[in-house]
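Participant: Spelled out, the chains give:
Protein chains: 2
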Amino acid sequence: MRIAVVGAGALGLYYGAILQKAGKDVYFLLRSDYEAICSQGITVNSVDGNFHLPKVKGFRTASEIGTVDLVLVGLKTFANHLYAELISPLVGSQTQIITLQNGLGNEENLADLFGEEKILGGVAFLCSNRVKPGVVQHLGEGRILLGEYVRESKSRTELIAAVFRDAGIDCRIVSDLQYSRWEKLVWNIPFNGLCALMLKPVESLLLFEPTRNLIIDIMGEVISAANAQSLKKNVPLSLAEKMVASSKRLGHYKPSMLIDRLEAHPLELDAIFGVPLRRAYEKGVQMPRVQQLFALLQLTEKD
Amino acid sequence: MRIAVVGAGALGLYYGAILQKAGKDVYFLLRSDYEAICSQGITVNSVDGNFHLPKVKGFRTASEIGTVDLVLVGLKTFANHLYAELISPLVGSQTQIITLQNGLGNEENLADLFGEEKILGGVAFLCSNRVKPGVVQHLGEGRILLGEYVRESKSRTELIAAVFRDAGIDCRIVSDLQYSRWEKLVWNIPFNGLCALMLKPVESLLLFEPTRNLIIDIMGEVISAANAQSLKKNVPLSLAEKMVASSKRLGHYKPSMLIDRLEAHPLELDAIFGVPLRRAYEKGVQMPRVQQLFALLQLTEKD
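Sequences listed follow chains A and B, in order. The first sequence maps to residues -1 to 301 in my numbering. The second sequence maps to residues -1 to 301 in my numbering.
Quick caveat, the hints were computed from the structure, so don't treat them as lab data. Hints should not be assumed to be uniformly reliable.
Where chains are identical, the list cannot tell them apart; a pair therefore holds if satisfied intra-copy or between any two copies.
[Said to hold, decoys possible] Once the Cα atoms are required to be at most 25 Å apart in a straight line, the calculated SDA-like pairs of lysine to any residue come out as:
(1) Lys198 with Ala159
(2) Lys198 with Leu248
(3) Lys240 with Leu84
(4) Lys300 with Asn211
(5) Lys240 with Ala226
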């Protein structure tokens, strides 16, 4: 099985390297990190043990890779306008495409380009940073909730999950991908948003009562919006308190949006804020706090 | 008429200097600026014309001033715990006290200490900065809406208004001081709050559509809270659009809370956010955006 990784940041490099280490045939589409990775390979410094892959199949263009069986999309969502250019040469009649990206709207955009039956989504719970070209720091977690975009889970879903599991990745199949996407947003919207806005790690927001209460209120808004989306089951309101409690052990963890802002990269605002706000609005649900956070984060991008 | 100015920052110095220039008998209670003002006097650089007062009656303690007829309170509200110490020696049986401070709760606190019949409030619309000890930059406006705290407007209210008017200050008597306080909060809460949080002047927030819309939404919350307070008349919702339109000419103006943050001073959060939020909550009105802004501003003070 030929697997292409498109978007070789912290997430793409991590999962791609794990799969290659387990003997899978992995092709990395690389841009700025091409030279470094082709000469020095990929290093993963991980809480689960460090490893180094000296030889990596790196390519500058998708045409050099050609069609593959599986495309793993790990692009930052602000680069989604490059989908056609980066992914089309990889896609044959049997190719399946999994987006492991953040937020909402990615499956939809891929489906528009490549046909909805080809698309799966994975909600990745992964704490990792790309510390320099070809070097990933894996701080914890790594499990994937894998779901079909429009079809019922079938044998192909099981086959793909098995590829991840063979490599030691905790991969569970979910019957309602949108439920898992919204569930992750319950965490991502307050923590990515507030940490990026305030330039503070998770812990600073959780240890201060007014902002801890704010996080719970924001989570409540996201849960209300989720439960207006005709998901197969409701997201329980108690998830907010549970997530806050379990996030305390993250300490000085910097969510990806904070790192993006510190490194003066664009922020993934549309996928994490814009699309969820529009989906809520379409169902008549207001998210005043989320909307405020979105407006202020957009302002920071105007600097 | 002996007039004491307590809190000789931008506002206290400005009104005190204007009154002295008009021949009133003004006593300034000074702390850190005592030396500079006693030796060099007060300079007002104003859009209405510059002037200098070489000789000023400055004192280090209220006891040295003794009782006066009128106390003008211009303290930053985070110093309100000093009311008793700073004001008591100035107050005799005939003394009247006017707070020109920001936000809500100041009249109440003064009334608790000195009796409610002694208290008046002035809502000051003044753009001024204290650029160094004894030097005020007056950028525009300056009118005062003067009201009794608990009594009906009476001859004494007219007498005090006449003192301001004699000095050329536009001073109108209002029958409902609380209405004017809330009306000013409709401006102060979004502009002081957002400018201080984002470290940006008024214009940056107004010229960007998402934050301009946010300002209008925040103003809507404050207007709803105001209209739950049994004011003599309702604050019209149209005030929001009107204030946004008229604020555009303020350009790079930095509201006081932004200046306080830039100068690493405490922020007037309780008077401008905390008390209004509690008053709204008591009436069953939610202000989710205001509450969020309050929480994030409190977090900035923890640095």
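Participant: Please name the hints from earlier in the document that this structure breaks, with their numbers sorted from lowest to highest.
Facilitator: The structure conflicts with hints 1, 3, although it agrees with all the remaining ones.
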